[in-house]
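Undergrad: Line order of the protein sequences matches chains A and B. Note that this note's numbering has the first sequence beginning at 1, numbered continuously upward. Note that this note's numbering has the second sequence beginning at 1, numbered continuously upward.
By construction, these hints were calculated from the structure, which means they are not laboratory data.
If you want the footprint, here are the derived chain A segments under chain B, 3+ residues with CB under 8 Å:
1. 38-47
2. 79-85
3. 296-310
Even for Gly, the Cβ is constructed at its ideal location relative to N, Cα and C.
Number of protein chains: 2
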Amino acid sequence: MFEFEIVAQQGRARAGILHTPHGPLPTPVFAPVGTQGTVKAVPPRDLREVGATLVLANTYHLHLRPGEDLVRELGGLHEFMGWHNPILTDSGGFQVFSLAEINKIDDEGVTFRSHLDGSMRRLTPESAMHIQQKLGADIIMAFDQCPPPTDRETVIKAVERTTKWARRCREAHPDDSTQALFGIMQGGIFEDLRAQSAEALLPLDCPGYAVGGLAVGETKQEMYATLDFSVPMLPESKPRYLMGVGDPDDLCEAITRGIDIFDCVIPTRLARHGTALTADGRLNMRNARFIRDTQPLEEGCDCYACQNFTRAYIRHLVAAKELLAHYLLSVHNIRFLIRHVQAMRQAIIEGRLEIYTSEFLNRFMKKPA
Amino acid sequence: MFEFEIVAQQGRARAGILHTPHGPLPTPVFAPVGTQGTVKAVPPRDLREVGATLVLANTYHLHLRPGEDLVRELGGLHEFMGWHNPILTDSGGFQVFSLAEINKIDDEGVTFRSHLDGSMRRLTPESAMHIQQKLGADIIMAFDQCPPPTDRETVIKAVERTTKWARRCREAHPDDSTQALFGIMQGGIFEDLRAQSAEALLPLDCPGYAVGGLAVGETKQEMYATLDFSVPMLPESKPRYLMGVGDPDDLCEAITRGIDIFDCVIPTRLARHGTALTADGRLNMRNARFIRDTQPLEEGCDCYACQNFTRAYIRHLVAAKELLAHYLLSVHNIRFLIRHVQAMRQAIIEGRLEIYTSEFLNRFMKKPA
Chain A
1 MFEFEIVAQQ GRARAGILHT PHGPLPTPVF APVGTQGTVK AVPPRDLREV
51 GATLVLANTY HLHLRPGEDL VRELGGLHEF MGWHNPILTD SGGFQVFSLA
101 EINKIDDEGV TFRSHLDGSM RRLTPESAMH IQQKLGADII MAFDQCPPPT
151 DRETVIKAVE RTTKWARRCR EAHPDDSTQA LFGIMQGGIF EDLRAQSAEA
201 LLPLDCPGYA VGGLAVGETK QEMYATLDFS VPMLPESKPR YLMGVGDPDD
251 LCEAITRGID IFDCVIPTRL ARHGTALTAD GRLNMRNARF IRDTQPLEEG
301 CDCYACQNFT RAYIRHLVAA KELLAHYLLS VHNIRFLIRH VQAMRQAIIE
351 GRLEIYTSEF LNRFMKKPA
Chain B
1 MFEFEIVAQQ GRARAGILHT PHGPLPTPVF APVGTQGTVK AVPPRDLREV
51 GATLVLANTY HLHLRPGEDL VRELGGLHEF MGWHNPILTD SGGFQVFSLA
101 EINKIDDEGV TFRSHLDGSM RRLTPESAMH IQQKLGADII MAFDQCPPPT
151 DRETVIKAVE RTTKWARRCR EAHPDDSTQA LFGIMQGGIF EDLRAQSAEA
201 LLPLDCPGYA VGGLAVGETK QEMYATLDFS VPMLPESKPR YLMGVGDPDD
251 LCEAITRGID IFDCVIPTRL ARHGTALTAD GRLNMRNARF IRDTQPLEEG
301 CDCYACQNFT RAYIRHLVAA KELLAHYLLS VHNIRFLIRH VQAMRQAIIE
351 GRLEIYTSEF LNRFMKKPA
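So that you can see chain A by itself, here it is in the shape it has in the complex (with noise of 0.2 Å):
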């Protein structure tokens, strides 16, 4: 289980399988995210439809409502969702300090207050393990701290945390037969920092690493600049996971630099939000420019939104604030996401990946004349 076969290469960007209890998961590859247990909007088989093959769940929310131990009453995450493909649940640790009013952070853990019923609540590394085992994701993810990527002083601390409680984690959960523990390297845009990160948690030997801390802040440029040095550092034969990104432009730069799995909630977050995402960049459906064009979001595209809706149609549906609006929007830009990484693993077996980018990078970023 677990075994992440390569079945190509081009510079440091691969082309892979990585095998889970749930089939097979080729890579690179992107994740809905279905924070409370469901992708907003889009029901299970309407996901595989469009091609997802691995769904994020987020522990600190199931945690809240419903409860991990209810959720294993009920059989675990995958026949609780009706999602019988692979899941990854994150630790919690982002929501805790992104979400929730922090109450203290300390050496142990962190106590926090609940955003749904503000009760005191407390997550440390071993019951982020105990409900990440309850809730079982085939991947789950090491409770790490995630600062600011620029502020040295506070990196440095991150780090040195994020390690000890990784270690802490694996001693919670040293068996990855059924579910695959990752670790999460921190260490900002510095490059000794991540070095000094991903030295302590390879003797962990998890079945794949993260490079976490990134997309929280800084910029595109020091996002890739910190890929470029971290990514070399972690293990040639093992999965590599960038938490949170999922801009189409973004994917193209860290696939390139050797980055495997992905997740973001932003193709449901556009689409509530009313935009879609097409090879020419994001389109605003509010736009009174839509209002007679009768061609699909994107020509092309073989999503039910694209097969079947005018623009105007979904422009009426936004303007109108109609739920199908974000069932439409939420569908084409999953299979958008899915489609455009589908299309680099492609390109790197075909050895044509930097065509690819480049291509679709010029034509993304463009702006509209």
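For this one, chain A is given, so just place chain B on it according to the hints.
TA: Here is chain B on its own, set in the frame of chain A:
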């Protein structure tokens, strides 16, 4: 076109087929409501999957947004909303009285303030026809005045006005070859006024007639009693439509009394309130008793929600205010009403409608122990 075949009768109840330009419509039929050109939260392919054959759209809403000229330019309502089966539009009259701030009602028409942007608008029998002609539904409705059904003085005036308006609608829409104009009988709960309304409308020789002015505040017993004397006043050979009715018990009572066509927002509105329709009555999915309930919403239901998800999961989605809750409950509730009406059609064909309705009502109306 719009030939109505009666394939079986039991008492006053009929099983029929209404032929339309978008295919044959087996009756009795329940139409989910797509107010703004979409049945809330349910994509057209899912509507077809749950057996929907006819969808109602609201003239008032589509007139205000996106406007009938745009819908026509985009190929008409079927093309616009991606629903290639029969569509029925109402006249806008009911919404003008219920949603808009009425400025003035006179014998010519109604001046009102749009609930969307406050603009002053006017609807007349003629404009209601022209709007519906541009929208392009298979069945269009006469512009009527729908008064409180128990206020005799107001009902008398409404019958007179509705009669005059129906004649003007007929003049503005004399040809039923591509769109059938249905007349609407008024008269409240008063037998003599119903008779007067029917007598005045029958010479217009519409391909179908609605019993209007019910389900707007009278008791269920008053509604059933009104159907008892009103339905026989309408032509045996033409389809009869009871507007705005969709409670499962009302469907039993009205089909028994000879009604063929229904529409109602109830399945989608209940869904948005977290309520499921089942043979044992309504389930409020917020209820804590469903927390660990691994049953489907309804045992034996063949809908996607019941085939794939537990009550416990749907309760979680409702509690977490997830969009998927609206979808799953809407799909189930529409399927429930369509199965119910289909079962009555089959029962009429097999001459056992009374048995079906008494068993259904016994179970559905029983108070939980």
